[in-house]
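Participant: Sequence:
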Amino acid sequence: MFEQRLAKRTKHLKKFAKKWPTDAFRVYDRDIPEYPWTVDFYGDHLLLQYFETRTSEGQTETIPDICAELLEIPKKNVHLKVRRRRSGTQHEKLAAKKLEFEVFEDDHKFLVNLDDYIDTGLFLDHRNMRREAARLVKEHPSRRPDVLNLFSYTGAFSVWCAAAGAKVTSVDLSNTYQDWAERNFKLNKLDPAKHLFERSDATRWLPQARVKDAYDLIILDPPTWSRSKRMDTDFDIQRDHVFLLKHCVRLLRPGGTLLFSTNLTSFKLDKENSPMELEETTQWSVPEDFRSGIHRSFKGTK
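Basically our numbering = 1-based index in the sequence shown + 1243.
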């Protein structure tokens, strides 16, 4: 049952990926409840993630070999992660194999690491949103629009926007990910010195930003929950999203656009207290290779 589903989806989604084009895409997304796995291609590597349940014990012994054989990937290029329900920061460090390699989306290249962290360095489900952000930059009447990327992680949105012609400010608390973002810029022949990389907690940076009406596009993709040693308090997207939105609107220029997304699928937008009208865009932002529950997204214009 698992093998048939995986083979069918892979055949279809390889055509989808070639057309997009990208070599980083998902081919199995917990389609069958008895097989709680995700299977992602990253170039000629596979990332298998097992979402542990009591009824699926023992699958880690067999599924990796099945995937390697069926998808014709060398076993040394198959990476396994076991996801357990527990608390922790979004991008927690796991190991230190330091195996990095390149994948691509359209004309852009990104460094990924499938072993050392919970996440890989590239959120595949935001692929459509990255393309939309670049489209907004290209179609903006300003010659070089200003873009703010909050919780910027490894800078994938920033690369897309910079390549489209924007001056980008990327805000992230992690030195590791800001360094990673700068390497992604260099990989795409973009000069990091022509952009800003703010090593700061976005929840503190936003209210302290003294500029007003400074950005033509703001990308807001916060974690669902976060608690870092360098943060004064914890962060909860359901509780804190209005606070973030108010400060984003303050920093947006008239006519500027906000792209907002969250991986909290139970998220409820506080429309009564929201400082701007937001249109839900989840219907087009979730790509074909992902199930509908991967994220929620919204778009608004000041």
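Take these hints with a grain of salt, some might be off.
In silico BS3-like links for lysine-lysine, alpha-carbon gap of 25 Å or less [as the list claims (entries may be wrong)]: (1) LYS1545 / LYS1511; (2) LYS1455 / LYS1429; (3) LYS1489 / LYS1545; (4) LYS1318 / LYS1257; (5) LYS1489 / LYS1511; (6) LYS1261 / LYS1318.
Label pairs and their calculated CB-CB ranges [stated by the list, open to error]: (7) GLU1522 / MET1244: 35 to 41 Å; (8) LEU1313 / PHE1510: 22 to 28 Å; (9) SER1443 / THR1298: 39 to 45 Å; (10) THR1298 / PHE1259: 26 to 32 Å; (11) PHE1344 / LYS1261: 16 to 22 Å; (12) GLN1526 / ILE1275: 23 to 29 Å; (13) GLU1382 / PRO1518: 21 to 27 Å.
These aren't lab readings, by the way, just hints derived from the structure by calculation. All residues carry an ideal CB built from backbone N, CA and C; glycine is no exception.
Participant: Now look at each hint and say whether the structure bears it out.
Facilitator: Against the structure, the hints come out as follows:
no.	hint	result
1	LYS1545 / LYS1511	holds, 21 Å
2	LYS1455 / LYS1429	violated, 30 Å
3	LYS1489 / LYS1545	holds, 11 Å
4	LYS1318 / LYS1257	holds, 20 Å
5	LYS1489 / LYS1511	holds, 16 Å
6	LYS1261 / LYS1318	holds, 24 Å
7	GLU1522 / MET1244: 35 to 41 Å	holds, 39 Å
8	LEU1313 / PHE1510: 22 to 28 Å	violated, 36 Å
9	SER1443 / THR1298: 39 to 45 Å	holds, 44 Å
10	THR1298 / PHE1259: 26 to 32 Å	holds, 31 Å
11	PHE1344 / LYS1261: 16 to 22 Å	holds, 20 Å
12	GLN1526 / ILE1275: 23 to 29 Å	holds, 25 Å
13	GLU1382 / PRO1518: 21 to 27 Å	holds, 25 Å
In summary, the structure is inconsistent with hints 2, 8 from the numbered list given earlier, while agreeing with the others.
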